[in-house]
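My request is simple: use the sequences and hints to build the entire structure.
One line per chain: the protein sequences are A and B, in this order.
1 is the number of the first residue of the first sequence in this note's numbering; add one for each residue after it.
1 is the number of the first residue of the second sequence in this note's numbering; add one for each residue after it.
Derived by calculation from the structure, the hints in this document are not laboratory data.
Hints may contain errors.
[What the hints assert, rightly or not] If you anchor each label on the Cβ, the simulated ranges turn out as follows: (1) A:Ile-175 x B:Gln-18: 28 to 38 Å; (2) A:Cys-136 x B:Asn-185: 48 to 58 Å; (3) A:Gly-148 x B:Asn-185: 41 to 51 Å.
Glycine residues also receive a C-beta, built at the ideal position from the N, C-alpha and C atoms.
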Amino acid sequence: MLNRYYRVQAGPEGYLPPAAASMGVMLPEKGEALVEGIIVSEEEAMQKIAEKIVNAKNPVFFPGPNILWAWNDSVLEKAYAVNDLVQSSGARVIPMPDYRPKYPMINPEVEINPNHPNLTIWHNHIDVCVFVGVHCHYANIALKIIRGGTDCYTIAICGEAGHEDAMISLRDVSIDTLRRLNDVIKSTGEGLK
Amino acid sequence: MNKGLVKISPCFEDVMPQEYKELVEKGSYGQDYGVADLGSFKELIEEHPLCAGCGLALSMRLILASLPNPESTIIVGSTGCSALAFSQVALHNIHSLFGNQNAVATGLKRALKLRFPDEIKDVVVIAGDGATADIGLDMVMQSWFRRENITTIMLDNEAYANTGGQESGMTAEKAVLNMAPKGKNFPKVNLADVAQVAGCAYVATCNPAKSRVLEKAVKRAILAAREIGPTYVQIYAPCPTNYKLKPDEVLATVKNREKEGTYPTGEFISAKAQELFESLEGGSK
Ligand SMILES: Cc1ncc(C[n+]2csc(CCOP(=O)(O)OP(=O)(O)O)c2C)c(N)n1
Ligand code: SF4
Ligand SMILES: [Mg+2]
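In C-alpha cells:
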C-alpha cells in the first residue's frame with residue numbers, strides 16, 4: 001500500500017522492510033536532498049548530516065569500490081575529499097572493497113559487505129554510518145538490510161540520483177559538495193566545544 | 001583490463017583488509033603464474049565452505065591458477081556446490097540460474113565483444129555435471145552449435161551433490177547414491193564426444209590428480225575459445241561426501257578410475273586449434 005507518510009527512520013524495522021520507493025518516497029530533484037523520506041534543500045540535509053555525525057557515539061564511514069580503488073585521477077581527488085570528511089568527523093573507516101558475499105562469513109571487524117551489512121554494524125556497535133562510493137544497487141540493498149535489522153542511522157553521500165532507503169541522502173555529490181559538507185561538519189563540531 | 005588499474009586509493013590503504021593488499025601486491029593479475037607457482041602468490045581462492053577433501057575445491061584452485069588472463073576473465077557459474085565457493089573468489093563472476101549458464105555466458109561474451117572490441121575478455125563457464133549435462137544441456141549444446149567464443153568447464157562429481165546425492169546423467173551405470181538407492185540403470189553420458197560433434201574446437205577430459213595436464217587443458221581451452229570457437233573441459237572431481245570417501249581417498253579414487261579405464265583422460269584438438277597451439281608454442285600466454 002502506498003503510504004504518503006512513510007518515514008525512513010532508524011530501525012530495527014523488522015525482517016524485510018519495504019523499499020522506501022514502494023512506500024511513496026520520491027528521489028529528490030537536483031539541488032535537493034532527502035531527510036527521513038522528506039525532500040529538503042541540500043543545505044538543510046548537510047546540516048542534519050553534520051549534527052548526526054558530531055553527536056554520534058561511533059560514526060563510521062563505509063567507502064565503496066568507486067573510491068577505494070584508484071581508477072583515475074578524479075577518483076583520487078574524491079577519495080582525498082572523503083578522507084577530509086572522515087578526519088573532520090573523527091569517524092572510523094570500514095571499507096567495502098567489493099561485493100562478494102564471502103559466504104559463510106566476512107570479517108566484520110575490518111570490512112563490510114552489502115549482503116550482511118548488519119554483521120559489521122552489530123559487531124562494531126555503529127550508531128551512525130555513511131555510505132560513499134558504493135554502486136547504487138548494492139547501496140540500496142545494504143541500506144534496507146541495515147534499516148531492517150539494526151538501529152544504525154544511515155547517510156548516503158551519492159554521486160548519482162540519491163537513495164530513498166537512506167535516512168539522509170545527498171545527490172549529485174561532487175568534490176565541491178564534499179568540501180562544503182566538510183565545512184558544515186567542522187563548524188557544527190566547533191559549536192559543540 | 002589495464003593492470004595498473006588495480007591500485008588502492010592511497011588515503012585508504014591503511015584501512016584496506018590485508019587480503020586486498022595482498023591481492024594487489026602478490027596476486028596473479030597481470031602475472032604469468034601457473035600451478036607450479038602455487039604457494040608463492042596470493043591465490044584467487046583461499047577460503048571456501050566446501051567439504052573437506054572436496055574434488056571441486058581442489059579443481060577450482062587449479063583452474064583459477066591456470067587462467068591465462070585472470071584480470072580479464074569473467075566466470076559464469078551455476079547452482080550447485082561450486083557456487084558456494086565462488087562467492088569467495090576474487091574474480092568477476094556471475095551466478096546464473098541453474099542450467100542457464102551457457103546462455104548467460106553467450107550474452108556476456110557478445111556484449112563484451114561490442115563494448116571492448118580491442119580487448120581480450122575471456123568468458124569461462126564453470127558448472128557442475130547436473131547443470132551442464134542434464135538441466136542446462138540445451139543451453140550448453142546450443143552455445144556450441146552457435147560456435148560461441150566461450151569455454152565450458154564441467155566439474156564432474158557424478159552426482160547432484162548439493163541436493164544430497166541424486167544421480168545425474170554423468171553418474172556411472174550401477175552407481176548407488178543416497179537418493180539413487182537401486183543404482184543407476186543407464187550409462188554415463190559421453191559429453192566429451194557430444195562436444196566434439198557439436199562443434200567444439202577443443203575438448204579435454206582431465207582430473208586434479210594430474211595438475212599440469214589440467215592446467216594445460218584449461219589454458220588451451222581458453223586460448224582456443226578466444227580465437228576459434230567453443231571449447232569444453234571435463235574435470236573428474238569426486239564428491240567425498242556423497243560417494244562416502246574419506247577426504248584423503250579422493251585423489252587415489254581419481255587415479256584408480258583413470259588407471260582402470262572408467263574415467264579416461266584425453267584431448268580432442270581440431271585442425272584450427274592445432275594450428276593455433278603450434279603458433280602459440282604449446283599454448284602458453
Ligand atoms: C532451476 C533449478 N532447478 C533445481 C534446483 C535445485 N538444485 C540445486 S543444486 C542442484 C544440483 C546441482 O548438481 P550439479 O550441477 O552436479 O552440481 P554439484 O552440486 O554436484 O556440484 C539442484 C538440482 C535449482 N536450484 N534450480
Ligand atoms: S557435497 Fe560433495 S561436491 Fe559438495 S562440497 Fe561437499 S564434497 Fe564437495
Ligand atoms: Mg555434480
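Going through the hints against the structure:
no. : hint                              : in the structure
1   : A:Ile-175 x B:Gln-18: 28 to 38 Å  : 30 Å, holds
2   : A:Cys-136 x B:Asn-185: 48 to 58 Å : 52 Å, holds
3   : A:Gly-148 x B:Asn-185: 41 to 51 Å : 49 Å, holds
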